[in-house]
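Student: Here is what each chain is made of, one letter per residue.
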Amino acid sequence: MSDVADRVRKIVVEHLGVEEDKVVENASFIDDLGADSLDTVELVMAFEEEFGIEIPDDAAETIQTFGDAVRFIKEAQ
Amino acid sequence: MFDLTGKCALVTGASGGIGGAIATALHGAGATVGLSGTRTAPLEELAASLGDRAHVLPCNLSDAEAVNALPKQAIEAMGGLDILVNNAGITRDNLFMRMSEEDWAQVLEVNLTSTMRLCKGVVRPMMKARWGRIINISSIVGATGNPGQANYAAAKAGMVGMSKSIAYEVASRGITVNCVAPGFIATAMTDKLNDEQKSGILGQIPAGRMGEAEEIAAAVLYLASPEAGYVTGATLHVNGGMAML
Chain A
1 MSDVADRVRK
11 IVVEHLGVEE
21 DKVVENASFI
31 DDLGADSLDT
41 VELVMAFEEE
51 FGIEIPDDAA
61 ETIQTFGDAV
71 RFIKEAQ
Chain B
1 MFDLTGKCAL
11 VTGASGGIGG
21 AIATALHGAG
31 ATVGLSGTRT
41 APLEELAASL
51 GDRAHVLPCN
61 LSDAEAVNAL
71 PKQAIEAMGG
81 LDILVNNAGI
91 TRDNLFMRMS
101 EEDWAQVLEV
111 NLTSTMRLCK
121 GVVRPMMKAR
131 WGRIINISSI
141 VGATGNPGQA
151 NYAAAKAGMV
161 GMSKSIAYEV
171 ASRGITVNCV
181 APGFIATAMT
191 DKLNDEQKSG
201 ILGQIPAGRM
211 GEAEEIAAAV
221 LYLASPEAGY
231 VTGATLHVNG
241 GMAML
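Just so you know, the sequences run in chain order A and B. Sequential numbering of the first sequence, starting at 1, is according to UniProt numbering. Sequential numbering of the second sequence, starting at 1, is according to UniProt numbering.
Isolated chain A (complex conformation) (with noise of 0.2 Å):
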């Protein structure tokens, strides 16, 4: 696992209260990992403070689980 993926893994984990074994590839935020939409809302926005990045909310509705985040931040930096 790359280091962004066990960066983005501990933000889930913290902002989540979700073991970290749960947070596989395809973990749905929203049907696996327990977020609502608020949650969702503010993991990108600590994802956008740890990266350094912007994420536009028409990107951030496509970041659904856990492995979309990755590859979203990866291309984006």
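Do not rely on the hints blindly, as some may be mistaken.
Claimed, not checked - Calculated Cβ distances over 10 Å to all of chain B for the following chain A residues:
#, residue
1, K10
2, I11
3, V18
4, E54
5, K74
To be verified - In the DSS-like style, the derived pairs of lysine-lysine whose C-alpha atoms are separated by at most 30 Å in a straight line are:
#, chain 1, residue 1, chain 2, residue 2
6, B, K128, B, K72
7, B, K128, A, K10
8, A, K74, B, K128
9, B, K72, B, K164
10, A, K74, A, K22
11, B, K120, B, K72
12, A, K22, A, K10
13, A, K74, A, K10
14, B, K72, A, K10
15, B, K164, B, K128
16, B, K120, B, K164
17, B, K72, A, K74
18, A, K22, B, K128
19, B, K120, A, K10
20, B, K164, A, K74
Hints in this document: simulated from the structure, not taken from any laboratory. None of the values given here were measured: they were computed from a predicted structure. Cβ coordinates follow ideal geometry from the N, Cα and C atoms, glycine included.
Using the hints provided, position chain B relative to the given structure of chain A.
Tutor: Just chain B now, kept in the frame of chain A:
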């Protein structure tokens, strides 16, 4: 009674009677205040009379870019932003049949759209802080309507619906969103009325007098306080009984 020590509050329309009273009340409770408005001179004057913990942040609310930049400027100046009071408002009164689209658009832009923009700008830092207070100054006419004020009433009613919706979304993050709806308050805006108009209005107010700006400020101070943490999506009517809603 209410302690806002360490909190930072941005008040729009602080150059006006009600806005000035709101800023003074929040400041008196210990808050750092950002005074926003279009006219710099009265803002500077107010800041000077308040002394420490007062920052002047001029902004033209019909300029979208300036409005979007205001929360950031406020945070830079004050070191945070915990309380937002959207108080600024304009009127362009006319009979509905004669109301131009421009009068409609201007009032909606300044009174409602700029409020939306500022709310959007402050929700993010408030969500992070898990604490926030948004207080939107609506009006009795948003609930009752008023001849000649279709635009103003629409904007003020719109504010209430918007506030309730935002309140739903952010309640779980410790942020409350409420409205204060003043009735007739003695300010420069109501000074323009003639004696006949004034006595006509007084006849409709059970309290038999116009309200004072400080009485609106007291309602805002309460909603801004930690004590009001369980009040959200509410509209506090301060109107001497003119409309009991």
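Student: Now, for every hint given, state plainly whether the structure supports it.
Tutor: Verification of the supplied hints:
| no. | hint | in the structure |
| --- | --- | --- |
| 1 | K10 | holds, 17 Å |
| 2 | I11 | holds, 13 Å |
| 3 | V18 | holds, 18 Å |
| 4 | E54 | holds, 13 Å |
| 5 | K74 | holds, 24 Å |
| 6 | B:K128 to B:K72 | holds, 15 Å |
| 7 | B:K128 to A:K10 | holds, 17 Å |
| 8 | A:K74 to B:K128 | holds, 24 Å |
| 9 | B:K72 to B:K164 | holds, 24 Å |
| 10 | A:K74 to A:K22 | holds, 21 Å |
| 11 | B:K120 to B:K72 | holds, 12 Å |
| 12 | A:K22 to A:K10 | holds, 12 Å |
| 13 | A:K74 to A:K10 | holds, 16 Å |
| 14 | B:K72 to A:K10 | holds, 28 Å |
| 15 | B:K164 to B:K128 | holds, 21 Å |
| 16 | B:K120 to B:K164 | holds, 14 Å |
| 17 | B:K72 to A:K74 | holds, 28 Å |
| 18 | A:K22 to B:K128 | holds, 25 Å |
| 19 | B:K120 to A:K10 | holds, 27 Å |
| 20 | B:K164 to A:K74 | violated, 38 Å |
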